[in-house]
Amino acid sequence: MSVLAVLARRELSLAWARGGGALLAVGFFVAAAVMLPLALGPAPERLAAVSGGVTWVVLSLASLLSLDRMFERDFEDGALDLLALGPLPLEIVAAVKCLAQWTVSGAPLAIAAPVVAVGLGAPVASAAMILAAAGLGGLAFAFLGGTGAALALASRRGGLLIAVVVLPLLTPPVIFGGAAIANFTGGLPWGAALSLLAAYALACVALTPFAMAGACRNAQS
Amino acid sequence: MFSALANPARFMAFSRWAAPILGVIAAGLIGAGLWLGLNAPPDYQQGETVKIMFIHVPAAWVAMLAYACLGGASFVSLVFRHARADAAAKAAAPLGAAFTGVALVTGSLWGRPMWGAWWVWGDARLVSVLVLFLLFLGYMALRASIDDEAKGARAAEILALVGLINLPIIKYSVEWWNTLHQGESIMRAGGPALDPVYLMPLLLAGAGYSAAFGALWLERIRAEVWRRRATSLALRVALA
Amino acid sequence: MITALNVEDLALQRGERVLFRHLHMRVAAGEAVALAGSNGAGKTSLLRAVAGFIRPVTGRIAFEGAAGALPSDDARRAGCHLVGHQDGLKPERRARDELLFQARWHGGTASGALNAADRLGLTRLLGLEVRVLSAGQRRRLALARLIASPRPLWLLDEPLAPLDADSRVLLGVIMAEHVATGGLIVAAVHDPLPIVARTVGIAP
Amino acid sequence: MTLEALSAGKYAAYIWPAYAVSLLGFAWMIIDTLARARRWKRKADRLEGEGEP
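Chains as they are written, first to last, in numbering that gives the first Met the number 0: chain H, 0 to 220; chain D, 0 to 239; chain Z, 0 to 203; chain R, 0 to 52.
The reader is advised that the hints may include incorrect statements.
[As the list claims (entries may be wrong)] Okay, the calculated bits of chain H under chain Z, using three or more residues with CB under 8 Å as the criterion: (1) 9-17; (2) 65-78; (3) 84-91.
[Stated by the list, open to error] Sample of chain D residues lacking proximity to chain H, with all beta carbon distances greater than 10 Å (derived): (4) Phe10; (5) Ile24; (6) Leu37; (7) Pro41; (8) Gly46; (9) Gly100; (10) Trp117; (11) Leu202; (12) Thr230; (13) Ala237.
[Unchecked claim] Below, a list of computed lysine to any residue pairs in the SDA-like style, where the Cα atoms sit at most 25 Å apart: (14) D:Lys150 <-> D:Ile164; (15) D:Lys150 <-> Z:Ala40; (16) R:Lys40 <-> D:Arg142; (17) D:Lys170 <-> H:Leu193; (18) R:Lys40 <-> D:Phe10; (19) R:Lys42 <-> D:Asp147.
What the hints contain is simulated information worked out from the structure, not anything from laboratory work. No residue lacks a Cβ here, since even glycine has one placed at the ideal position from N, Cα and C.
When you get a sec, could you build the whole thing from the sequences and use the hints?
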């Protein structure tokens with residue numbers, strides 16, 4: 000078994016165990032989405048108008064909330080030192096951690112997203128679009144969120160700080176993904192929005208591991 | 000210039016004069032700009048509210064400038080491990096946050112009579128400034144929540160660089176989003192088509208705001224240099 | 000393959016405090032060094048600096064191979080074990096999973112890991128979750144990767160602390176074997192090491 | 000001329016608060032910056048004096 004596979008197996012198993020795995024993230028996602036009709040009233044046309052956007056925002060929050068212990072546990076118990084002395088550079092380790100996080104919580108959230116959106120009144124035809132946008136967006140959320148989690152390592156407060164640091168950075172994926180869903184539902188061209196979202200997600204996958212590795216080394220020093 | 004600023008003694012000697020001189024220049028430029036601006040005739044479209052433009056738009060400009068300075072200083076500090084570059088990054092953040100705050104409030108006061116609402120999401124530039132404000136807050140929050148100064152500095156630098164790369168994309172995405180939802184932009188100020196009678200005071204005020212930022216930035220870096228000297232001296236006294 | 004560790008004119012700093020200056024130390028293959036010094040003198044920091052986590056204020060840390068100088072990063076990634084107070088073991092995972100991961104991550108094999116567990120008397124415990132192990136058992140589990148994935152340079156921070164008398168003797172035997180086969184050991188200790196070792200004092 | 004310039008018409012309720020806020024912003028920045036510089040310079044000078052009596 001190659002070291003990459005060994006690492007991926009460990010990270011997947013840890014990500015699964017961390018906070019009940021997919022269950023907690025999806026639970027939060029659905030619970031938060033349920034609050035919306037309760038706050039806005041049950042009028043179907045009003046709910047349908049905001050269903051896509053609300054799904055998207057709640058999704059980004061759900062992805063952020065589940066990753067605050069991503070680096071922290073390994074940092075506290077010394078496993079991060081171990082990971083740094085292995086054969087692969089920390090950049091790769093960070094990327095594998097984020098991909099594991101995405102597999103365990105991002106993908107289930109992406110599957111739950113169309114269900115929630117349709118439940119709120121989005122047209123059934125938009126389900127595939129929402130799935131694609133949520134999957135791609137989740138990738139960007141996981142890598143940017145991971146950057147926040149790594150930066151917050153040396154600090155006294157975790158979760159809330161990560162949200163304050165990361166949320167403004169999420170502006171582009173939130174805009175691109177929201178536009179893709181809204182345009183699709185409105186019968187407008189959606190290709191550009193989805194491509195921009197994909198490009199942004201790929202840029203995050205390519206670039207943020209350097210920031211995460213730098214932040215981890217800083218916390219370890 | 001850069002090497003001169005890198006030397007601590009020379010930096011202190013340079014900034015001792017540069018800060019007040021820049022301050023005086025800033026006062027002159029802002030005074031001239033506002034004098035011309037306040038005497039300009041009312042705009043045929045916006046009426047007298049055009050007078051808010053001369054203080055709102057420069058604040059938004061300088062807020063962006065401050066983030067660029069923050070990012071640039073962070074880059075220098077990260078790559079060359081230069082202590083004064085880190086002090087410069089730290090000093091730029093509260094100033095940038097203050098300028099964004101002023102830009103947000105004046106923008107809201109400008110928008111209310113024009114569009115009948117205190118906040119209009121259709122103004123892409125104002126929304127960008129709001130996100131910029133959040134970026135400054137995030138930077139300061141991260142820095143303040145890490146007890147170890149060196150570690151906090153490094154983490155904040157990494158965040159500033161991530162933000163610097165993201166900022167153009169954020170600006171682009173917000174403008175793109177705006178055209179998507181608005182059809183046409185309702186932003187009219189600061190464009191190239193602005194009448195010279197408004198453009199001149201606007202540019203003067205913009206230069207004045209930039210100079211004011213420069214003066215305050217230098218003075219804050221000086222304060223930070225003294226603070227570090229004082230803390231390390233205090234530690235030496237305590238350990239001796 | 001590391002054949003020597005050179006520490007030249009090293010100064011380390013934690014926060015604003017300089018721990019020590021002008022430290023010179025050479026550890027060659029087949030040598031064990033015991034770092035001695037009071038609490039807070041900088042023994043742990045020195046080990047972490049050798050492992051590449053702390054950047055020296057002045058001086059340098061260099062690794063030599065049979066063919067000359069080695070790039071530090073490669074030497075550390077391929078040739079260095081650090082066992083410290085924090086063992087990196089996850090409480091909720093089974094001992095077997097953690098041991099296999101730590102061993103393979105450092106370049107060992109599954110069979111090597113199980114042999115190491117046998118040698119350290121851990122075989123019966125492998126099915127348990129790490130959180131039910133005692134401090135001494137956890138330390139032995141962490142030490143198992145030293146045998147499971149052979150690397151020349153061992154950096155040990157208080158390796159004996161939680162171990163009972165029998166385990167200390169066993170660790171002494173294991174360290175002696177490592178040194179005899181050309182390994183290098185740098186250990187921070189308060190008690191004397193159970194093997195022949197040169198002592199290097201760490202003081203400001 | 001000056002009086003005319005300062006008469007902001009029916010929008011005075013928005014224009015003067017905007018100027019006031021800008022003034023407050025600048026005042027805060029200037030006071031905070033100068034106070035900080037003064038405080039730390041004094042402290043550094045005092046400790047330097049103590050260090051080498």
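Do the hints match the structure? See the list:
Taking a C-beta to C-beta cut-off of 8 Å, the segment 9-17 of chain H contributes 4 residues in contact with chain Z, enough for the three needed, and the coverage statement holds. Residues of the segment 65-78 of chain H with a Cβ under 8 Å from some Cβ of chain Z number 6, which satisfies the need for three, so the listed coverage holds. With 3 residues having a Cβ less than 8 Å from any Cβ of chain Z, the segment 84-91 of chain H passes the three-residue criterion, so the hint holds. With a minimum CB-CB distance of about 26 Å to chain H, Phe10 (chain D) clears the 10 Å threshold, and the non-interface call stands.
Chain H leaves Ile24 (chain D) outside its interface by the beta-carbon criterion, the shortest separation being 33 Å against a cut-off of 10 Å. Here Leu37 (chain D) stays apart from chain H, with its beta-carbon at least about 35 Å from theirs, past the 10 Å limit. At the 10 Å boundary, the C-beta of Pro41 (chain D) stays outside the reach of chain H, the nearest C-beta of that chain being 36 Å off. With a least CB separation of 33 Å from chain H, Gly46 (chain D) remains clear of the 10 Å interface cut-off, as annotated.
For Gly100 (chain D), the non-interface assignment is confirmed: its Cβ lies about 15 Å from the closest Cβ of chain H, beyond the 10 Å cut-off. The non-interface label for Trp117 (chain D) is consistent with chain H: the shortest C-beta to C-beta separation is roughly 21 Å, beyond 10 Å. Every beta carbon of chain H lies more than 10 Å from that of Leu202 (chain D), the smallest distance being close to 29 Å; the non-interface claim holds. In this structure Thr230 (chain D) is separated from chain H by more than 10 Å, as the shortest Cβ-Cβ distance comes to about 19 Å.
Under the 10 Å C-beta cut-off, the non-interface status given to Ala237 (chain D) relative to chain H holds; the minimum distance is some 23 Å. With a C-alpha separation of about 22 Å, the suggested pairing of Lys150 (chain D) with Ile164 (chain D) holds against the 25 Å cut-off. At most 25 Å may separate the alpha-carbon atoms for a hinted pair to count; Lys150 (chain D) and Ala40 (chain Z) meet this at roughly 21 Å. For the proposed pair Lys40 (chain R) and Arg142 (chain D), the alpha carbon gap of about 23 Å is at most 25 Å, so the pair holds.
Pair hint Lys170 (chain D) plus Leu193 (chain H) holds up; C-alpha atoms about 18 Å apart against a cutoff of 25 Å. Of the supplied pair hints, the one linking Lys40 (chain R) and Phe10 (chain D) holds, its CA atoms being roughly 15 Å apart against a limit of 25 Å. With a C-alpha separation of about 21 Å, the suggested pairing of Lys42 (chain R) with Asp147 (chain D) holds against the 25 Å cut-off.
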